[in-house]
Amino acid sequence: MLFAEHSQKPQSLEGSPPKSIDFFMTSERYNPREAEGKWQKKWAERNTFQTDNADPRPKYYVLEMFPYPSGRIHMGHVRNYAMGDVVARYKRARGFNVLHPMGWDAFGMPAENAAMQNKSHPAKWTYDNIATMRGQLKSMGLSLDWSREIATCDPTYYKHQQRLFLDFLKAGLVTRKKSKVNWDPVDQTVLANEQVIDGRGWRSGAIIEQRELTQWFLKITDFAQDLTDSLDDLQRWPEKVRLMQKNWIGRSEGLRVRFALEKNAIAKDSTIEVYTTRPDTLFGAKFLALSADNPLAIEAGKTDPKIQAFIEECRRMGTSVATLETAEKKGVDTGLRVQHPFDPAWQIPVWIANFVLMDYGTGAIFGCPAHDQRDLDFARAYHLGATPVVCPAGQNAAEFEIGATAYDGEGTMINSYFLDGMEIPAAKEEVTRRLESTMIDGKPQGERQVNFKLRDWGISRQRYWGCPIPVIHCDDCGTLPVPVADLPVTLPEDVTFDKPGNPLDHHPTWKNVNCPQCSKAARRETDTMDTFVDSSWYYARFTDPHSSDHPTTKAADHWLPVDQYIGGIEHAILHLLYSRFFARAMKATGHLNVKEPFAGLFTQGMVVHETYRGSDGTWRTPGEIRIDSTPEGRKAFSLSDGSTIEIGAIEKMSKSKRNTVDPDEIIGGYGADTARWFMLSDSPPDRDVIWSEEGVQGASRYVQQIWRLVHEMRELSEGVAMPSGSLDERATAVRKIVHGHLMKVEEHIERLRFNTAIAEIRKMTNALSATIAAITSPDQINSDLRQAYREALDVMIQMFAPMMPHLAEECWAAAGHENLVSEAAWPQLDRALAADDRIVIPVQVNGKKRAELEIEHDADAARVEAEALKLEAVARELNGRTPKKVIIVPKRIVNVVV
RNA sequence: GCCCCUAUGGCGGAACUGGUAGACGCGUCCGACUCAAAAUCGGAUUCCGCAAGGAGUGCUGGUUCGAUUCCGGCUAGGGGCACCA
Numbered sequence: 001m002l003f004a005e006h007s008q009k010p011q012s013l014e015g016s017p018p019k020s021i022d023f024f025m026t027s028e029r030y031n032p033r034e035a036e037g038k039w040q041k042k043w044a045e046r047n048t049f050q051t052d053n054a055d056p057r058p059k060y061y062v063l064e065m066f067p068y069p070s071g072r073i074h075m076g077h078v079r080n081y082a083m084g085d086v087v088a089r090y091k092r093a094r095g096f097n098v099l100h101p102m103g104w105d106a107f108g109m110p111a112e113n114a115a116m117q118n119k120s121h122p123a124k125w126t127y128d129n130i131a132t133m134r135g136q137l138k139s140m141g142l143s144l145d146w147s148r149e150i151a152t153c154d155p156t157y158y159k160h161q162q163r164l165f166l167d168f169l170k171a172g173l174v175t176r177k178k179s180k181v182n183w184d185p186v187d188q189t190v191l192a193n194e195q196v197i198d199g200r201g202w203r204s205g206a207i208i209e210q211r212e213l214t215q216w217f218l219k220i221t222d223f224a225q226d227l228t229d230s231l232d233d234l235q236r237w238p239e240k241v242r243l244m245q246k247n248w249i250g251r252s253e254g255l256r257v258r259f260a261l262e263k264n265a266i267a268k269d270s271t272i273e274v275y276t277t278r279p280d281t282l283f284g285a286k287f288l289a290l291s292a293d294n295p296l297a298i299e300a301g302k303t304d305p306k307i308q309a310f311i312e313e314c315r316r317m318g319t320s321v322a323t324l325e326t327a328e329k330k331g332v333d334t335g336l337r338v339q340h341p342f343d344p345a346w347q348i349p350v351w352i353a354n355f356v357l358m359d360y361g362t363g364a365i366f367g368c369p370a371h372d373q374r375d376l377d378f379a380r381a382y383h384l385g386a387t388p389v390v391c392p393a394g395q396n397a398a399e400f401e402i403g404a405t406a407y408d409g410e411g412t413m414i415n416s417y418f419l420d421g422m423e424i425p426a427a428k429e430e431v432t433r434r435l436e437s438t439m440i441d442g443k444p445q446g447e448r449q450v451n452f453k454l455r456d457w458g459i460s461r462q463r464y465w466g467c468p469i470p471v472i473h474c475d476d477c478g479t480l481p482v483p484v485a486d487l488p489v490t491l492p493e494d495v496t497f498d499k500p501g502n503p504l505d506h507h508p509t510w511k512n513v514n515c516p517q518c519s520k521a522a523r524r525e526t527d528t529m530d531t532f533v534d535s536s537w538y539y540a541r542f543t544d545p546h547s548s549d550h551p552t553t554k555a556a557d558h559w560l561p562v563d564q565y566i567g568g569i570e571h572a573i574l575h576l577l578y579s580r581f582f583a584r585a586m587k588a589t590g591h592l593n594v595k596e597p598f599a600g601l602f603t604q605g606m607v608v609h610e611t612y613r614g615s616d617g618t619w620r621t622p623g624e625i626r627i628d629s630t631p632e633g634r635k636a637f638s639l640s641d642g643s644t645i646e647i648g649a650i651e652k653m654s655k656s657k658r659n660t661v662d663p664d665e666i667i668g669g670y671g672a673d674t675a676r677w678f679m680l681s682d683s684p685p686d687r688d689v690i691w692s693e694e695g696v697q698g699a700s701r702y703v704q705q706i707w708r709l710v711h712e713m714r715e716l717s718e719g720v721a722m723p724s725g726s727l728d729e730r731a732t733a734v735r736k737i738v739h740g741h742l743m744k745v746e747e748h749i750e751r752l753r754f755n756t757a758i759a760e761i762r763k764m765t766n767a768l769s770a771t772i773a774a775i776t777s778p779d780q781i782n783s784d785l786r787q788a789y790r791e792a793l794d795v796m797i798q799m800f801a802p803m804m805p806h807l808a809e810e811c812w813a814a815a816g817h818e819n820l821v822s823e824a825a826w827p828q829l830d831r832a833l834a835a836d837d838r839i840v841i842p843v844q845v846n847g848k849k850r851a852e853l854e855i856e857h858d859a860d861a862a863r864v865e866a867e868a869l870k871l872e873a874v875a876r877e878l879n880g881r882t883p884k885k886v887i888i889v890p891k892r893i894v895n896v897v898v
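Take the first sequence: its letter number 114 is residue 114 in our numbering, and every next letter is one higher.
Don't read these hints as lab results, they were simulated from the structure.
Note that this is a predicted model, so its numbers are computed, not measured.
Heads up, the beta-carbon is just placed ideally off N, CA and C, and yes, glycines get one too.
There may be inaccurate statements among the hints.
Straight-line C-alpha distance at most 30 Å; calculated DSS-like pairs for lysine-lysine [said to hold, decoys possible]:
1. 302 / 329
2. 453 / 138
3. 246 / 177
4. 652 / 177
5. 268 / 170
6. 511 / 219
7. 219 / 554
8. 891 / 763
9. 595 / 453
10. 848 / 870
11. 520 / 246
12. 848 / 884
13. 587 / 159
14. 177 / 511
15. 330 / 453
16. 170 / 595
17. 59 / 159
18. 240 / 268
19. 652 / 240
20. 302 / 177
21. 520 / 554
22. 138 / 170
23. 595 / 177
24. 178 / 159
25. 330 / 178
26. 329 / 306
27. 178 / 587
28. 178 / 240
Per label pair, the in silico range of CB-to-CB distance [claimed, not checked]:
29. 763 / 724: 23 to 29 Å
30. 50 / 486: 31 to 37 Å
31. 374 / 421: 23 to 29 Å
32. 295 / 170: 31 to 37 Å
33. 404 / 848: 48 to 54 Å
34. 617 / 295: 53 to 59 Å
35. 246 / 836: 43 to 49 Å
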């Protein structure tokens with residue numbers, strides 16, 4: 001026997017009083033504090049959740065977004081990992097070889113900030129936090145393979161990341177270029193576009209400045225087309241995330257048009273190129289506008305002080321992304337003129353405008369005020385006119401005028417020479433075709449072009465606590481990769497954070513090295529990688545986390561893609577797009593053979609909580625108040641002085657609003673199972689869940705309910721085998737309850753509908769309790785019924801085991817099993833039992849329900865109709881009239897139409 | 001400004017491809033047990049109405065034998081992008 005016999009010694013049935021169910025009841029309550037630690041230890045001893053890569057069963061890889069070791073886990077983690085654990089445990093029971101690993105996204109700014117404050121080392125802070133959080137996760141009873149644990153700050157991890165960087169460099173997927181970057185003045189580092197939110201740093205919240213720096217870039221734009229196209233194949237991703245990525249990548253098809261410049265003293269080129277998605281509106285052109293950073297604009301500024309002043313004004317404005325949002329449309333006429341492509345006599349003025357971006361398209365546009373709001377605003381400010389060239393259906397072309405709003409809808413071409421009368425798509429095609437075949441300056445005047453909003457991913461960060469970029473700068477040999485044999489380039493341990501900026505930059509012995517090529521004095525790259533690089537490939541590393549020679553091995557090909565990935569919607573763009581890029585880049589460099597890392601994605605909602613505010617306006621924690629529920633509503637009072645507390649809005653748990661709940665306290669008080677159960681039960685997993693004390697108490701009550709029910713059923717089924725052959729009516733009814741609900745629970749879990757899966761389990765336990773309550777005397781309990789309860793007991797425990805694993809083990813042992821329910825195979829569903837042979841269907845008259853009809857499930861339409869019409873309530877409604885039509889939807893409904 | 005999502009009892013929510021609206025839970029009320037309380041158990045709980053019955057899924061129009069579900073218009077809340085030509 002594996003375990004000491006369970007202490008519960010249920011009473012014998014003999015001599016028990018009839019009627020009440022009290023005689024079944026155990027006097028002991030289930031004690032999660034004792035049980036949970038015991039089973040966690042047992043799982044660890046038996047390596048229950050360790051996964052063997054060589055296991056021949058079909059694989060299933062379930063992964064939750066790994067945490068940043070910030071200090072302690074929060075309720076969001078509990079929700080995320082509870083969901084993943086249900087999937088992992090369920091799939092394991094269903095016979096899959098499940099990979100369910102955990103690790104730490106361990107590089108990042110907070111460790112440096114803590115180091116500055118506490119004068120300790122970021123590594124110590126990080127590893128201390130990891131130790132704390134690992135303990136907390138273990139107390140949740142997650143079925144994780146801890147032998148695969150990784151931390152991205154560990155040289156055994158980032159060594160391989162440096163190797164990937166060098167391979168990407170060799171493959172041309174890395175560039176170093178001078179560019180305008182988003183500079184976070186608080187964190188003193190660069191941020192990627194994706195990390196700037198509403199003009200502020202995603203972490204610091206500081207207003208972002210624009211600076212020009214030399215940076216390392218990963219060429220995510222090389223895959224822009226495939227990254228957008230492949231979204232269509234990600235069937236098991238939320239539509240919302242795919243759409244957000246699609247918009248972010250921002251593919252557009254248009255035409256690059258060359259306008260011939262009139263002779264002038266400024267321009268070196270004889271044409272100006274613009275990019276447009278609306279070549280159909282070419283005859284509505286009123287001006288060309290250059291970006292202030294356009295080389296031609298800069299050239300023009302050199303000879304004209306007025307233009308120079310305007311460019312400088314734009315630069316000042318451009319230093320803050322936030323100011324762009326409110327900026328008026330402004331510009332200056334360069335005096336340059338271009339020819340209209342289809343009318344050499346038509347001169348168009350060339351302006352410099354503050355709303356034209358240099359890094360999209362060609363840094364120049366043609367303005368069609370009638371059909372583009374920005375162009376219209378600009379044209380109104382400088383009286384450039386707005387001739388409509390597209391007329392909406394139903395409008396008189398001669399009278400159609402543009403007011404304050406540009407018209408960007410469909411319509412017919414007007415005022416447009418040879419395009420007149422065409423619809424927009426035909427006009428686009430016609431202009432494109434004509435300009436493609438006209439040559440100017442030895443090139444076609446128009447060329448089809450696809451543009452993307454997506455920019456290359458700048459990964460240089462001027463920080464210490466990150467993965468060093470493995471590159472050496474030599475004055476003679478240039479920028480050289482660190483030889484692979486010298487990897488990892490480890491971080492120096494003796495650093496100080498007393499000066500602003502990058503500590504690596506102030507560390508002479510680390511920074512100064514010899515050139516790997518010429519051996520002369522050279523300098524290490526002191527930038528480290530954006531921490532999003534660390535999390536862009538960890539899912540692959542988990543498949544063979546201790547391989548020391550290579551980032552990945554054949555195991556990655558076996559396990560990837562991740563079958564089910566679960567995490568927050570906040571990563572819809574950043575992390576998920578970078579990971580998709582990384583998989584492609586790793587495929588291109590031979591490290592992977594898939595390009596999509598996550599076949600299934602699920603984005604969970606947040607954990608939210610009521611807020612509480614005292615009369616003095618200060619926030620109060622849930623622990624500082626007491627709530628009274630009355631028919632008039634809920635009222636809150638201060639525990640310390642009894643004063644009235646205002647119950648505020650339900651908001652995301654945050655330290656500032658003081659509405660957080662500590663997972664440790666919940667797990668310590670109610671047990672992990674109760675926390676997991678409530679977290680999964682109360683809301684659909686993709687929506688926010690409101691954490692409430694009452695809800696947790698309900699879950700806790702249910703744990704005890706199950707404990708009692710298990711003992712009742714154990715009593716009833718003592719010493720009998722599982723059902724075989726057909727049983728009597730009473731017993732079959734019990735079996736039908738079990739299999740009917742088993743089928744539904746399976747469906748709900750497969751679709752990740754944890755809340756409805758839990759409702760189904762509760763329905764089943766309610767129904768089983770009712771059958772037991774209906775037993776009025778012991779002589780009603782025959783061998784058939786005992787067998788049915790024997791099965792019901794096991795199946796019930798297995799059904800809630802993925803959500804409440806500790807309680808399930810305790811019950812499983814109480815039911816007399818010597819193995820672990822975590823290692824047991826999922827019960828075999830009997831579909832015949834799951835289906836009902838008599839069903840109740842509603843009967844409507846003229847679409848209103850008037851009666852119910854109970855009938856065999858396989859009754860044919862004629863019989864259903866005959867029986868329905870016989871019903872008294874139906875006859876009464878008909879009142880002698882003959883039905884015009886009777887609609888019968890098998891097993892669903894009868895509708896009698898009069 | 002553009003794009004997307006959501007709207008169901010006092011509350012969280014359920015209702016597979018159009019087919020009994022309100023499952024399951026929370027809260028509340030009534031009852032049992034108790035000297036009492038807690039815990040536990042049983043019952044009620046969309047609204048109006050004593051009842052028969054009627055109304056009802058944000059508002060509004062449509063398709064249909066039948067609409068929470070599909071289509072059009074609107075309102076409110078939430079999210080994403082944001083001078084991307």
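Status of the hints after comparison with the structure:
Between residue 302 and residue 329 the CA atoms are separated by roughly 23 Å; this keeps the pair inside 30 Å, and the hint holds. With a CA separation close to 43 Å, the supplied pair residue 453 and residue 138 exceeds the 30 Å bound. With a C-alpha separation of about 26 Å, the suggested pairing of residue 246 with residue 177 holds against the 30 Å cut-off. Distance hint between residue 652 and residue 177 is unfulfilled; the C-alpha atoms sit about 40 Å from each other, more than 30 Å.
Only pairs whose Cα atoms come within 30 Å are accepted, and residue 268 paired with residue 170 is rejected, the gap being roughly 36 Å. For the suggested pair residue 511 and residue 219, the alpha carbons sit about 27 Å apart, so the restraint of at most 30 Å is met. Our distance criterion of 30 Å between C-alpha atoms is met by residue 219 and residue 554, whose separation comes to about 26 Å. The hinted pair formed by residue 891 and residue 763 meets the criterion: a straight-line CA distance of about 22 Å does not exceed 30 Å.
For the proposed pair residue 595 and residue 453, the alpha carbon gap of about 22 Å is at most 30 Å, so the pair holds. For the proposed pair residue 848 and residue 870, the alpha carbon gap of about 17 Å is at most 30 Å, so the pair holds. About 48 Å separates the Cα atoms of residue 520 and residue 246, which puts this hinted pair outside 30 Å; it is violated. About 16 Å separates the Cα atoms of residue 848 and residue 884, which keeps this hinted pair within 30 Å; it holds.
Proximity of residue 587 to residue 159 is assessed by CA-CA distance (about 19 Å); at most 30 Å being required, the pair is judged to hold. Taken as a hint, the residue 177 and residue 511 pair is honoured in the structure, with Cα atoms around 21 Å apart against an allowance of 30 Å. Of the supplied pair hints, the one linking residue 330 and residue 453 holds, its CA atoms being roughly 24 Å apart against a limit of 30 Å. Taking the CA atoms of residue 170 and residue 595, the gap is near 19 Å; set against the 30 Å cutoff, the hint holds.
Taken as a hint, the residue 59 and residue 159 pair is honoured in the structure, with Cα atoms around 28 Å apart against an allowance of 30 Å. A threshold of 30 Å between alpha carbons decides the hint, and for residue 240 with residue 268 the separation of about 47 Å lies outside it, so the pair is violated. Straight-line distance between C-alpha atoms of residue 652 and residue 240 comes to about 21 Å, which keeps the hinted pair within the 30 Å bound. The straight-line distance between the Cα atoms of residue 302 and residue 177 is roughly 26 Å, inside the 30 Å bound, and the hint therefore holds.
Of the supplied pair hints, the one linking residue 520 and residue 554 is violated, its CA atoms being roughly 40 Å apart against a limit of 30 Å. As the CA atoms of residue 138 and residue 170 are separated by approximately 42 Å, the hinted pair breaks the 30 Å bound. This hinted pair checks out: residue 595 and residue 177 have alpha carbons roughly 27 Å apart, not beyond 30 Å. Taking the CA atoms of residue 178 and residue 159, the gap is about 27 Å. The hint holds against a cut of 30 Å.
Taken as a hint, the residue 330 and residue 178 pair is honoured in the structure, with Cα atoms around 28 Å apart against an allowance of 30 Å. This hinted pair checks out: residue 329 and residue 306 have alpha carbons roughly 17 Å apart, not beyond 30 Å. Distance restraint check for residue 178 and residue 587: the Cα-Cα separation of roughly 28 Å lies within the 30 Å cut-off, and the hinted pair is therefore satisfied. At most 30 Å may separate the alpha-carbon atoms for a hinted pair to count; residue 178 and residue 240 exceed this at roughly 35 Å.
Between residue 763 and residue 724 the beta carbon distance is about 27 Å. The supplied range of 23 to 29 Å therefore holds. The beta-carbon spacing between residue 50 and residue 486, approximately 34 Å, falls within the hinted interval of 31 to 37 Å. In this structure the hint that residue 374 and residue 421 lie 23 to 29 Å apart at CB holds, the actual value being about 28 Å. The hinted range of 31 to 37 Å is satisfied by residue 295 and residue 170, whose Cβ atoms lie roughly 32 Å apart.
Roughly 52 Å separates the CB atoms of residue 404 and residue 848, a value that falls within the hinted 48 to 54 Å. Roughly 56 Å separates the CB atoms of residue 617 and residue 295, a value that falls within the hinted 53 to 59 Å. In this structure the hint that residue 246 and residue 836 lie 43 to 49 Å apart at CB holds, the actual value being about 45 Å.
Checked against the numbered hints given earlier, this structure breaks hints 2, 4, 5, 11, 18, 21, 22, 28; the rest are met.
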